[in-house]
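Asks: Based on the provided sequences and hints, a complete structural model is requested.
Chains as they are written, first to last, in my numbering: chain U, 61 to 319; chain P, 61 to 319; chain E, 61 to 319; chain S, 61 to 319; chain B, 61 to 319.
Everything hinted at is true.
The list makes no distinction among identical chains, and a pair is therefore deemed to hold if it is satisfied within one copy or across any two copies.
Below, computed lysine-lysine pairings styled on DSBU-like, alpha-carbon distance capped at 35 Å:
{"#": "1", "residue 1": "135", "residue 2": "121"}
{"#": "2", "residue 1": "300", "residue 2": "121"}
{"#": "3", "residue 1": "302", "residue 2": "206"}
{"#": "4", "residue 1": "214", "residue 2": "310"}
{"#": "5", "residue 1": "206", "residue 2": "127"}
{"#": "6", "residue 1": "121", "residue 2": "214"}
{"#": "7", "residue 1": "121", "residue 2": "310"}
{"#": "8", "residue 1": "206", "residue 2": "121"}
{"#": "9", "residue 1": "310", "residue 2": "206"}
{"#": "10", "residue 1": "310", "residue 2": "127"}
{"#": "11", "residue 1": "127", "residue 2": "214"}
{"#": "12", "residue 1": "300", "residue 2": "310"}
{"#": "13", "residue 1": "214", "residue 2": "85"}
Everything labelled a hint here was simulated from the structure, so no lab data went into it.
Because the structure is a prediction, the values reported are computed rather than measured.
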Amino acid sequence: MDIASVIGLVVGTLMILGSIVVGGKSFGALGGFVDYPSIVLVGGGTVCTMLICYPMSEIIKVMGVTKNVFLTKQKDILIIINQLVSLSESARRNGLLALEERIEEIDEDFLVLGVRMAVDGMSPEIVDAIMRTEMDAVEGRHALGKSFYDALAKYAPAFGMIGTLIGLILMLANMNPETIGAGMAVALLTTLYGATAANFLFLPIADKLAYYSGRELLSMEIMVRGVIAIQAGENPRVIKQKLMTFIPPKLRPEEEEQA
Amino acid sequence: MDIASVIGLVVGTLMILGSIVVGGKSFGALGGFVDYPSIVLVGGGTVCTMLICYPMSEIIKVMGVTKNVFLTKQKDILIIINQLVSLSESARRNGLLALEERIEEIDEDFLVLGVRMAVDGMSPEIVDAIMRTEMDAVEGRHALGKSFYDALAKYAPAFGMIGTLIGLILMLANMNPETIGAGMAVALLTTLYGATAANFLFLPIADKLAYYSGRELLSMEIMVRGVIAIQAGENPRVIKQKLMTFIPPKLRPEEEEQA
Amino acid sequence: MDIASVIGLVVGTLMILGSIVVGGKSFGALGGFVDYPSIVLVGGGTVCTMLICYPMSEIIKVMGVTKNVFLTKQKDILIIINQLVSLSESARRNGLLALEERIEEIDEDFLVLGVRMAVDGMSPEIVDAIMRTEMDAVEGRHALGKSFYDALAKYAPAFGMIGTLIGLILMLANMNPETIGAGMAVALLTTLYGATAANFLFLPIADKLAYYSGRELLSMEIMVRGVIAIQAGENPRVIKQKLMTFIPPKLRPEEEEQA
Amino acid sequence: MDIASVIGLVVGTLMILGSIVVGGKSFGALGGFVDYPSIVLVGGGTVCTMLICYPMSEIIKVMGVTKNVFLTKQKDILIIINQLVSLSESARRNGLLALEERIEEIDEDFLVLGVRMAVDGMSPEIVDAIMRTEMDAVEGRHALGKSFYDALAKYAPAFGMIGTLIGLILMLANMNPETIGAGMAVALLTTLYGATAANFLFLPIADKLAYYSGRELLSMEIMVRGVIAIQAGENPRVIKQKLMTFIPPKLRPEEEEQA
Amino acid sequence: MDIASVIGLVVGTLMILGSIVVGGKSFGALGGFVDYPSIVLVGGGTVCTMLICYPMSEIIKVMGVTKNVFLTKQKDILIIINQLVSLSESARRNGLLALEERIEEIDEDFLVLGVRMAVDGMSPEIVDAIMRTEMDAVEGRHALGKSFYDALAKYAPAFGMIGTLIGLILMLANMNPETIGAGMAVALLTTLYGATAANFLFLPIADKLAYYSGRELLSMEIMVRGVIAIQAGENPRVIKQKLMTFIPPKLRPEEEEQA
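Replies: Structural data, given as structure tokens:
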């Protein structure tokens, strides 16, 4: 579980609430920031707009992906490289078919797919083509997820602004020196809701999905190159050197330097 | 029919109207949000600007496409893949010419085009070239439709702002403490119209067109690859594996895993 | 002549003026929207900035192109395709040289260029290269024209804002409860001028130039492919099928389906 | 010297100053637009930010390039093409070595480089590679210059806003009905400075650098293609036709049509 | 150490503080610009949002890279080119293996990697592939660093706006003619903090990282081309000419012109 994301979300929320309490000089000030019609307008309006943008099935699918933002464990690329190097040593010593019995120990579905195709004797071109199509498909699905949160981050502030405009128009049409302040305060609430939802929730989630997508595709790229190199019977040492270039120099294990 | 889009549109409209009624504490408040000159300025100004941007024929064409946003049934990519695999089995067993009698059962015009060219004995290069030109043309038409709604979403708020500026200037030139509130309320209406039209109608439609375009092109890409693979006489099992990569792993049928 | 653009421009202008008359409840209200110093600042400032951005010769050239937005007749791609197919039939029957006497009947300079080079016996590579260089050059000139109007649409509102800031500063420095309204009204005029010029004139013209550029390049692409196919002696029926893919299915002539 | 740019700068400045004099109804109004602390904040803040963005050496280099915006004489592409065609005729008649004695008459350093390499008998691949690397390098330097002015145009209004925020906060903290107007006027000055500097100076310069870069690279592209064609011993007439495609049809010399 | 960046940061900060002191007419005015809850909200909120966007490990890594903005010494590309030319002369005279003893004198790790692979007799394709993979990886890491500061520059002003909205709503809900000015002053502080942090700190750092990345990749490109040319046994004079094209003509050493 990605504890930092959860901490960021919880502490950030407390800071926003805390700044209201400190600024309003009482816990009661929080009450002035809850206005149900405003919540319904911004939340409901954004959801309804999303229903126009995406088919229902897609929305449900993306919802399921969102928990990854907080739950996904980052893959250790070093472990993947070491496994590929180890597989290449087996293949060099005992032939490609010897990899069959090692498929069990591979965690990554994508690597299992590649190794199995290599064992099955498919041509390197087809293995490469199938693995890269899978990568394109994964990239497309990630891009869809990101575009979904980008859309939320676009429509939530828009409905915040629509709500504020409605509030201002109502207030101006019945201008009353005594209630004008309270009226404008309520009108601004929807802008605050929209801005907070977009900048503290939707945009960060979109950013994190983009980050994860980059990491995932990098690890898939390494697996593709590794499997193709194994199939071509390349020297395990050369394979290791090639794949290690994907890791920042400082993180490369020391023995690599000495080798 | 895409029921979600219609629900989104209807419920969202009710929410906006509802928030006016609740905020204004009476149904009469809705009256303050209808100002015919403002509607004419924003609506008419936007339409006139579109007439400058696009030739008439193009505008009529795009209008016809818009209903797809609410009516198009999403294609099931799995069915297309199964059909392609089934076609490849026929072709392998009985030769390419045997596909002629199966053309009847194909729903997709684009696939009919590809299979017919294959049956006609055109070279794979030409089949690929013609199918991809068709894809480029479809992509171009979709992009034009999206650009049309993007333009609407750009000019509607612009005319909203122009209307508000006109209203403010009129109000300021004849400043009167008693009517200043009502004047500003009316001035802000055009901004509200423009913002709502752009964010609740035009941008979501542009987003959905982009989404449908992506799906359509994906299914066309699958058909092109399928037809080319059939023409090349590839193994139906390999074809299936290649094409299945376009589907998210969770949605792939179970038997595929066992095969 | 593109009547829709002219109608859009005229009706849109009337709507803006009409909304001022209706909002101000008298034709006299129009007078409050004319302020010569403001017009000079926004118009002159924008022109001066363009003089810094582009050399004089370029500005004059683009001015000449602008009338196309309202005057250009859209090319009928179907006619071009039919002409290419007809030319290919002549070439197939009587040889490439037979095209020489048909050059007279071709309207498009670009197609004349291609056919003449084919008749002159230039190699297909050179014909393709020269035609595509011409296309690149046309694309570059169109892009320059669009960038010119995009620049106008960027600087006009900027000078509108500069004018409003100047007006606000003047008004605030000599604040007088009686003239503050009129002062702000005048200050806002430059913003209105800039926003209207950008959104009702410059951006739509830029959009239309982009649209025409796309159409023009599409018809040029068809001509290049047609000439190359003719030179290669391809079957007229295949040429027709290839080129027809550039036209939306619904607009394709019926006989094509029956052929 | 590019007289239009200078005229644009001078006349534009006079217009801005004039609109202040006319709006303020006296030359004394200009005094209200000069506030030294505001000038120091916007000017100094922007310069300091640039020092963080770019190393000192780069800043000095770009300063030196800026005078080109006002001083560069536009290259006449037609002259370059004619020179290339003339060179190709010499080379065809007397061999590539004969170009050595004509190097003297070439003004363009880049063309001298190409012709000298051709005379030296370098292979066409190397000549092409070296000339294109030089082009890439020129493009990169131009892009750096443009990015520099884009950065100025980004940070100047930002410091204008920072200055206005500081002014507003100071004014609001010590609100005094009598000085509030003057306080806000001064606060807005920094926004005016930033907006004017960005829109009337930095953005136009960036636009002009981009324009010059495009022209320069176009003329270099023509030179590369010309030199390669000369080296390949192509027909001068074909070379002329190829290179003329880079010039708009209307500007092509008449004799070309007759040839 | 990049003294200009440090000067820019220090002088810029003094200018901002100075403009407050001058504008407020006393050093005490600075006190009005320090509000701890506002600092906590903008600073803390931005940090918490970054925790949602990036995993902890990545944040720590980027922090470490930031000092480079102020400390990195710019590489002298001329020295790298001279070293490559000198290496190519050794290789030409005494063979590739002779480079082994010169590896000691090379400072750049990336060049050491390339030369060592060349000495080890790896094929040019593999040397090129490994060096370019390393370049891609470096580019990716730089892009990640830049995206990090771009995210900071996006979220800091967003939290500034959220803070100002909260302040405004609190102030409006309890409107009091005597404290309204002070309330709005405090509300605007968060916007000032966000704008200053973004425009004076995060964006310039992002810009400088992008600048350094460009320089670094340029020097790596030169090294790759140099090593490949050395491996191919190219003439040192040709190598020099090729690599010198990466340097602006004015900075090229004189002797090059005379050679």
